[in-house]
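**Student:** In order, the protein sequence lines correspond to chains A and B. Mapping the first sequence onto numbering that gives the first Met the number 0, position 16 (from 1) lands on 15, and the numbers just tick up by one. Mapping the second sequence onto numbering that gives the first Met the number 0, position 100 (from 1) lands on 99, and the numbers just tick up by one.
Because the hints were derived from the structure by calculation, they are not lab data. Don't take every hint at face value.
[Stated by the list, open to error] If you anchor each label on the Cβ, the simulated ranges turn out as follows:
# : chain 1 : residue 1 : chain 2 : residue 2 : range
1 : B       : 147       : A       : 0         : 38 to 48 Å
2 : B       : 14        : A       : 51        : 21 to 31 Å
3 : A       : 32        : B       : 46        : 28 to 38 Å
4 : B       : 114       : A       : 24        : 17 to 27 Å
5 : B       : 234       : A       : 17        : 50 to 60 Å
6 : B       : 205       : A       : 47        : 14 to 24 Å
7 : B       : 153       : A       : 7         : 40 to 50 Å
8 : B       : 226       : A       : 13        : 18 to 28 Å
[Unchecked claim] Covered by chain B, according to a simulated footprint, are these stretches of chain A (three or more residues, beta-carbon under 8 Å):
#  : segment
9  : 15–22
10 : 25–31
11 : 41–50
Cβ atoms here follow ideal geometry from the backbone N, Cα and C, with glycine treated the same way.
Read off the chains here:
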Amino acid sequence: MEALDQFLAMGGYARYVWPAFGLAVIVLGGLSIESVVTYKKRQRELAAVEKLRR
Amino acid sequence: MFRLANPNRFMQWSGKLLPVSAIATALLIGVGTYLALFVAPADYQQGDAVRIMYVHVPSAWMASFVYAVIAVSSAVALIWRHPLADIAARESAPLGAGFTLLCLVTGSLWGEPMWGTWWVWDARLTSVLVLFFLYLGYMALVNAFDDPTRGAKAGAILALVGAVNLPIIKFSVDWWNTLHQPSSVFRIGGPTIAASMLWPLLIMAVGFTLFFVTLLLLRMRSALMAAKLRAIRLQLSEA
Numbered sequence: 000m001e002a003l004d005q006f007l008a009m010g011g012y013a014r015y016v017w018p019a020f021g022l023a024v025i026v027l028g029g030l031s032i033e034s035v036v037t038y039k040k041r042q043r044e045l046a047a048v049e050k051l052r053r
Numbered sequence: 000m001f002r003l004a005n006p007n008r009f010m011q012w013s014g015k016l017l018p019v020s021a022i023a024t025a026l027l028i029g030v031g032t033y034l035a036l037f038v039a040p041a042d043y044q045q046g047d048a049v050r051i052m053y054v055h056v057p058s059a060w061m062a063s064f065v066y067a068v069i070a071v072s073s074a075v076a077l078i079w080r081h082p083l084a085d086i087a088a089r090e091s092a093p094l095g096a097g098f099t100l101l102c103l104v105t106g107s108l109w110g111e112p113m114w115g116t117w118w119v120w121d122a123r124l125t126s127v128l129v130l131f132f133l134y135l136g137y138m139a140l141v142n143a144f145d146d147p148t149r150g151a152k153a154g155a156i157l158a159l160v161g162a163v164n165l166p167i168i169k170f171s172v173d174w175w176n177t178l179h180q181p182s183s184v185f186r187i188g189g190p191t192i193a194a195s196m197l198w199p200l201l202i203m204a205v206g207f208t209l210f211f212v213t214l215l216l217l218r219m220r221s222a223l224m225a226a227k228l229r230a231i232r233l234q235l236s237e238a
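Could you build the full structure based on these sequences and the hints that come with them?
**Tutor:** Structural data, given as structure tokens:
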């Protein structure tokens, strides 16, 4: 437990280090999710339209 | 290269490459984060605050690199009118803006404990803020036209004019007195950063680059599908 507390404390810089890594997760994760969701949506739309065309 | 850039061929090879690059991205960023948080040493002056570097520096490199990709794609689009070049430029922009935002905010979070201030209007910080606004302006301009080809053309011209900012960012720490330190990796005479910090940094940087490549391929595929959808719908409405 003490080791974990020490790790989370980041030598007293916790309030700078963790927001930096947290924002990285939000930005990179957000871009990934948005890109994948759009991709899946286009795939579905294209499949639906191509069925209609036949 | 132009043969690979044919839209149909692009869909073929990018579909095969995508899972590979996605897995490689996850592995490298995972390993890089582990090394940055658990293995890399605390700095003898900065303590654990130095770990911010492993996010800040790769995102700063990507901020400029992605803009360079947009500028080159824009030049190709204007000169050869290649349809994939426009799409590559347009789909890169939100990714570059994300990296630039990450660079600015993590820089602020690093600046406060080390410099004693969140922000200074010095050459490096200001030129990167200008880069962020260039991304936003580019995205707004490209989407401001009803006709996508006109939007792409206007965006391409803005992207090329804005490219003068890239050498300003790179050399700002040498040309002007600034609070920001000069590069300790890409410098004449080799890196001055310790190997135990350089390796995690480089792994993160490659991870961020692959992240960009993966999402760019995915987004370009989405854009091509959207174009195909428009064409089919037009065809259906005429029939």
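**Student:** Does 21 to 31 Å hold as the CB distance between residue 14(B) and residue 51(A), or does it fail?
**Tutor:** About 24 Å separates the Cβ atoms of residue 14(B) and residue 51(A), which means 21 to 31 Å holds.
**Student:** That 17 to 27 Å hint for residue 114(B) and residue 24(A) (C-beta), does it hold up?
**Tutor:** For residue 24(A) against residue 114(B), whose Cβ atoms are near 25 Å apart, the range 17 to 27 Å holds.
**Student:** Residue 234(B) and residue 17(A), beta-carbon distance inside 50 to 60 Å?
**Tutor:** 53 Å, holds
**Student:** For the segment 41–50 of chain A, count the residues whose Cβ lies under 8 Å from any Cβ of chain B; is that count three or more?
**Tutor:** holds (count 6)
**Student:** At least three residues with a C-beta closer than 8 Å to a C-beta of chain B: is that true for the segment 25–31 of chain A?
**Tutor:** Answer holds; 5 residues pass the 8 Å Cβ test.
**Student:** Can you tell me whether the CB distance of residue 226(B) to residue 13(A) sits inside 18 to 28 Å?
**Tutor:** For residue 13(A) against residue 226(B), whose Cβ atoms are near 47 Å apart, the range 18 to 28 Å is violated.
**Student:** Regarding residue 32(A) and residue 46(B), is the given constraint of 28 to 38 Å on their beta-carbon distance met?
**Tutor:** 34 Å, holds
**Student:** Please check whether residue 153(B) and residue 7(A) have a Cβ separation lying inside 40 to 50 Å.
**Tutor:** Given a distance of about 49 Å, which is inside 40 to 50 Å, the answer is holds.
**Student:** With 14 to 24 Å as the target window, see if residue 205(B) and residue 47(A) comply at their CB atoms.
**Tutor:** 39 Å Cβ-Cβ, so the 14 to 24 Å window is violated.
**Student:** Is it true that the C-beta distance of residue 147(B) to residue 0(A) lies inside 38 to 48 Å, as the hint says?
**Tutor:** 57 Å, violated
**Student:** Against chain B, does the segment 15–22 of chain A show at least 3 residues with beta-carbon separation below 8 Å?
**Tutor:** Coverage by chain B holds here, the residue count being 6 at a Cβ distance below 8 Å.
The structure is inconsistent with the numbered hints 1, 6, 8, although it conforms to all the rest.
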